[in-house]
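If you want the building blocks of each chain, they are given just below.
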Amino acid sequence: MRAALALLTCLSGFAASAQTTPKFAEETGSAGLVATYSGEWEEMVGGGVATFDCSGDMRPEVLVAGGVGPATLWRNESPVGGVLAFTSVTSGLEMTKVTGAYPLDIDSDGITDVVLLRVGENLVMRGLGACRFEPANGLWAFEGGDGWSTAFAAMWEKGAAFPTLAVGNYIDRTEEAFPWGSCTDNWLHRGGVAGFAAPLPLTPSFCALSMLFTDWNRSGTPSLRVSNDREYYKGGQEQLWDIQPGAAPRLYTEADGWARLRIWGMGIASHDVTGDGYPDYFLTSMADSKFQTLKPDTKGPAYADLAWVRGITAHRPYTGGDLRPSTGWHAQFEDVNNDGLTDLFVAKGNVWEMPDFAMDDPNNLLVAGGPDGRFVEMGDVAGVASMQAGRGAALTDLNLDGLVDLIVVNRNSPVQVWRNVTPDAGAWVQVRLAQPAPNVDAIGAWIEVRVGDAVQRREITSGGGHVSGGLGWWHFGLGQATSAEVRVLWPDGTEGPWQPVAGNAFYRLERGVEPQVAAP
Amino acid sequence: MRIVGWLAMVAAVAMLSVGAASAQGSSVGPDVVVRTWYRLMLELVRHTPTMSPPVSSRAMGYVGVAAYETVAGGSDAMTSLAGQLNALDALPARDPGAVYDEAVALQAVLSASVASFFSNTGPTGQRAMTALATRFGDKVAVGVPPDVIARSAAYGQAVAAHINQWSQDDGGARVENMGFPFDYTPKEGPQSWVPTSLVRQQQAPLLPYWGTNRPFVMPAGTACPLPAPPAYSEDPTSEFYAQAMEVVTAKATITDEQKAIARFWSDDPMLSPTPPGHWMSIALQILERDGADLATHVDVMARIGMAMSDAFIGCWHSKFEYDLLRPVTYIRRVIDPAWEPLLITPPFPEYPSGHSTQSGAAATVLTALYGERYGFTDATHADDGLQARRYDSFWHAAEEAGISRLYGGIHFRAAIERGLDQGRCIGAYVNRLQTVAQ
Chain A
1 MRAALALLTC LSGFAASAQT TPKFAEETGS AGLVATYSGE WEEMVGGGVA
51 TFDCSGDMRP EVLVAGGVGP ATLWRNESPV GGVLAFTSVT SGLEMTKVTG
101 AYPLDIDSDG ITDVVLLRVG ENLVMRGLGA CRFEPANGLW AFEGGDGWST
151 AFAAMWEKGA AFPTLAVGNY IDRTEEAFPW GSCTDNWLHR GGVAGFAAPL
201 PLTPSFCALS MLFTDWNRSG TPSLRVSNDR EYYKGGQEQL WDIQPGAAPR
251 LYTEADGWAR LRIWGMGIAS HDVTGDGYPD YFLTSMADSK FQTLKPDTKG
301 PAYADLAWVR GITAHRPYTG GDLRPSTGWH AQFEDVNNDG LTDLFVAKGN
351 VWEMPDFAMD DPNNLLVAGG PDGRFVEMGD VAGVASMQAG RGAALTDLNL
401 DGLVDLIVVN RNSPVQVWRN VTPDAGAWVQ VRLAQPAPNV DAIGAWIEVR
451 VGDAVQRREI TSGGGHVSGG LGWWHFGLGQ ATSAEVRVLW PDGTEGPWQP
501 VAGNAFYRLE RGVEPQVAAP
Chain B
1 MRIVGWLAMV AAVAMLSVGA ASAQGSSVGP DVVVRTWYRL MLELVRHTPT
51 MSPPVSSRAM GYVGVAAYET VAGGSDAMTS LAGQLNALDA LPARDPGAVY
101 DEAVALQAVL SASVASFFSN TGPTGQRAMT ALATRFGDKV AVGVPPDVIA
151 RSAAYGQAVA AHINQWSQDD GGARVENMGF PFDYTPKEGP QSWVPTSLVR
201 QQQAPLLPYW GTNRPFVMPA GTACPLPAPP AYSEDPTSEF YAQAMEVVTA
251 KATITDEQKA IARFWSDDPM LSPTPPGHWM SIALQILERD GADLATHVDV
301 MARIGMAMSD AFIGCWHSKF EYDLLRPVTY IRRVIDPAWE PLLITPPFPE
351 YPSGHSTQSG AAATVLTALY GERYGFTDAT HADDGLQARR YDSFWHAAEE
401 AGISRLYGGI HFRAAIERGL DQGRCIGAYV NRLQTVAQ
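Top to bottom, those sequences are chains A and B.
Just so we're aligned: the first sequence equals residues 1 to 520 in my numbering.
Just so we're aligned: the second sequence equals residues 1 to 438 in my numbering.
It should be emphasised that the hints constitute simulated quantities derived from the structure, not laboratory data.
Since we're looking at a predicted model, the values are computed, not measured.
Glycine included, every Cβ here is placed at the ideal spot set by N, Cα and C.
Don't take every hint at face value.
[To be verified] Just a few of them, taken from the derived set where beta-carbon distance is under 10 Å, the chain B residues facing chain A:
| no. | residue |
| --- | --- |
| 1 | 128 |
| 2 | 132 |
| 3 | 176 |
| 4 | 182 |
| 5 | 383 |
I would like the entire structure built from these sequences, with the hints used as guidance.
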């Protein structure tokens with residue numbers, strides 16, 4: 001609670017006097033993006049979406065996992081501030097049995113690559129430019145395995161040219177009558193000079209559905225958070241791996257302060273919501289969600305659950321009349337009304353005819369700024385309370401108007417897209433990082449945005465959510481402010497200077513260079 | 001050995017012996033059919049959120065009776081439970097003089113019964129039930145003449161339908177919101193139970209009316225009443241305060257062995273086969289170890305299942321009669337605001353301890369079947385990485401299960417001791433049943 005109150009003080013420089021109700025216009029039918037994540041048992045989880053600009057026009061393209069059908073890439077042709085518009089692109093990414101995807105410039109050549117998680121061999125797809133891709137497992141010595149992959153995270157270890165990739169794997173899909181307890185090993189693909197080392201099993205593994213490299217204690221070295229599905233593991237729990245360069249991964253234990261937590265872990269969202277300088281973590285599950293903040297004065301990874309006091313348990317439908325418990329998947333923190341307070345979106349949907357859980361399970365849009373630091377449910381009034389079986393999602397500015405739009409992948413029903421049309425939204429700034437190779441997009445950096453005494457902090461990560469990830473412009477709402485200061489804490493620990501930026505603009509932040517305005 | 005691995009071995013052995021099957025009987029032993037379906041049930045209990053301990057005990061009770069009656073229908077040495085159990089009418093009879101295959105009949109009754117009582121399970125559970133009903137069913141039928149297969153399967157299905165129909169009006173057939181009422185008005189007074197969980201669904205207690213359900217054997221949930229718990233008091237000289245301090249001290253001085261005991265018997269819903277499943281697992285391990293015959297298999301499993309189910313009805317009646325707060329609530333209010341129990345505090349009133357009542361009932365039934373000094377090893381949680389534990393008797397295990405709740409910080413001593421007493425009373429009703437002639 002102390003941290004929560006600190007947030008209210010810390011961020012008050014951004015916030016408007018009253019909560020601005022976000023508004024979204026669904027443009028699923030008109031946007032031209034027609035895709036479905038489809039399948040049966042092997043597609044009951046997964047259904048990811050990746051957003052990244054491969055056409056060079058600043059707009060994020062959209063890659064949708066197809067399940068039994070092929071993945072599809074959609075070129076973003078939305079006019080600035082206008083309606084959403086996409087056209088299909090033949091890209092080389094049209095692989096079947098894709099569960100999810102993450103964009104990442106693996107070889108640091110300035111062209112975004114893509115990791116495809118699959119039921120079967122995972123693929124690293126090298127970007128060729130102009131939204132063309134080719135398999136690069138052989139080129140980069142990436143062993144794709146033959147698992148059921150359902151989680152991903154990436155970081156650059158110190159001194160490595162290539163990133164270290166963590167791939168989370170689910171159950172042994174050949175087990176039919178007794179699959180429980182058959183979780184297959186997660187793999188750590190450590191980056192080297194020109195590719196990847198042989199995968200290192202992260203044993204024990206407990207059927208991961210989300211992973212995230214995150215610098216939980218601001219030590220300068222990210223650790224690997226793993227959210228696991230208790231439906232299938234035995235003897236398992238949530239995990240945090242300490243991964244130091246050149247050393248074997250080590251699990252944090254109770255002796256370190258890590259408390260045993262066993263949930264149907266399905267998605268991780270992180271953000272410094274409480275304003276204490278450390279990432280907080282929202283974990284989706286079934287019938288309950290967790291919101292973990294680092295306990296004050298702790299030396300180890302000891303967390304308090306603030307989901308209840310912050311009003312983000314998201315435990316059952318809030319509209320539609322189905323009172324059974326909810327099933328949460330992708331979660332993501334973004335400021336949807338630009339008031340300077342990060343909000344929380346959760347994609348919801350029944351696993352597959354599970355009668356103990358809601359079938360009509362609306363997505364959540366939990367808007368920050370309520371009384372006592374609580375979030376307020378606005379999914380219905382905002383227009384995003386879809387009752388489809390949501391899985392992956394992306395919140396990103398699709399039409400470059402400064403408002404975060406929304407894409408949700410549903411299982412066995414079409415992908416939905418919404419344009420953010422919030423009236424009276426605050427100002428904003430969006431930045432993209434650049435530094436010399438390796439790690440040209442500065443994964444692992446922190447961006448800080450300051451207005452007066454109020455500071456927003458954002459860790460730049462690759463991973464998390466539910467098999468969904470984005471790379472590109474990092475969005476900050478500024479509330480009533482018309483300008484702000486921004487600085488970057490680069491992955492190697494270098495602190496960039498505070499630099500002034502104007503509101504309602506895009507900036508490229510390159511290491512050692514003044515912020516450069518980017519115009520769509 | 002992992003239980004999954006054990007089952008795979010059982011199935012493999014059964015399949016390998018197909019070639020040697022006689023033309024008149026299944027190559028898969030009927031005892032293997034029983035154990036295989038029970039193993040699946042224990043997994044389904046763990047992986048079906050509706051299956052809280054009371055609900056899972058009910059399912060095990062009915063499935064047990066269904067399997068027992070299927071076998072009893074073809075045995076002169078076994079007495080039907082019809083007329084002995086509450087509201088159970090005479091079951092479908094076999095065709096006199098016709099040939100039946102016990103394995104096929106059991107495959108039919110168990111596949112139908114498990115599908116019915118575990119209908120809420122998710123896609124993986126459904127897939128597993130289908131796999132056992134079809135692929136395992138095919139193996140069971142190998143070597144059996146088609147007319148015998150048809151007759152035996154029809155008989156098993158008829159028994160399953162009869163049992164399913166019998167279960168519909170016992171008060172426990174419909175469970176909403178995993179058993180947590182949407183509306184609940186807490187009772188007043190400092191002694192009353194209050195929610196202890198940050199899980200929103202658990203702000204009402206689990207199944208507050210379960211104690212009014214129709215039991216299997218005992219006449220009603222009130223059949224084994226308990227005296228009131230020690231009177232609530234915050235006076236440091238009171239018995240209530242002393243029992244709370246015992247919980248605090250137990251946590252403060254807990255040994256590694258006591259911690260292991262607490263976790264071994266924790267049996268959390270959705271993370272284990274739950275407490276009734278734990279005792280079913282013990283029985284299954286003993287049946288397999290002893291190479292028990294088919295009649296003993298179905299008799300033991302039926303008795304344990306009914307005892308577990310009646311224990312939860314009796315226990316739940318007492319829980320909501322006294323509606324006592326949990327140790328964590330009292331200790332934080334009166335002794336130490338920062339106190340944390342070792343185990344997750346269950347979301348319902350404290351007195352008596354459910355684990356104690358049902359363990360007392362199980363020990364009473366198993367002791368009657370196997371004797372006072374029957375040693376066994378319990379490897380129920382081997383797959384979860386918990387070491388097997390050795391017991392000199394069933395009461396040794398039951399008493400350890402009881403005291404584990406004090407080590408875990410979720411029960412006072414009175415709830416444990418009187419829970420065991422209540423279980424003894426409930427188990428005695430089951431012991432009076434006439435089943436297999438000795």
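### Query
Under the criterion of a CB-CB separation shorter than 10 Å, is residue 128 of chain B in contact with chain A as hinted?
Hint on residue 128 of chain B: holds, closest Cβ of chain A at ~5 Å, below 10 Å.
#### Entry: Minimum beta-carbon distance criterion (10 Å), residue 383 of chain B to chain A
This hint holds: residue 383 of chain B lies near chain A, its Cβ roughly 4 Å from the closest one there, short of 10 Å.
### Task
Using Cβ atoms only, decide whether residue 182 of chain B comes closer than 10 Å to chain A, and label the hint accordingly.
holds, 6 Å
### Message
Next item in the hint list is residue 132 of chain B. Is there a CB on chain A closer than 10 Å to its CB?
### Response
holds, 5 Å
### Residue hint residue 176 of chain B, partner chain A, criterion CB-CB below 10 Å
Holds - the Cβ of residue 176 of chain B comes within 10 Å of chain A, reaching about 8 Å at its closest.
Hint violations for this structure: none, all hints satisfied.
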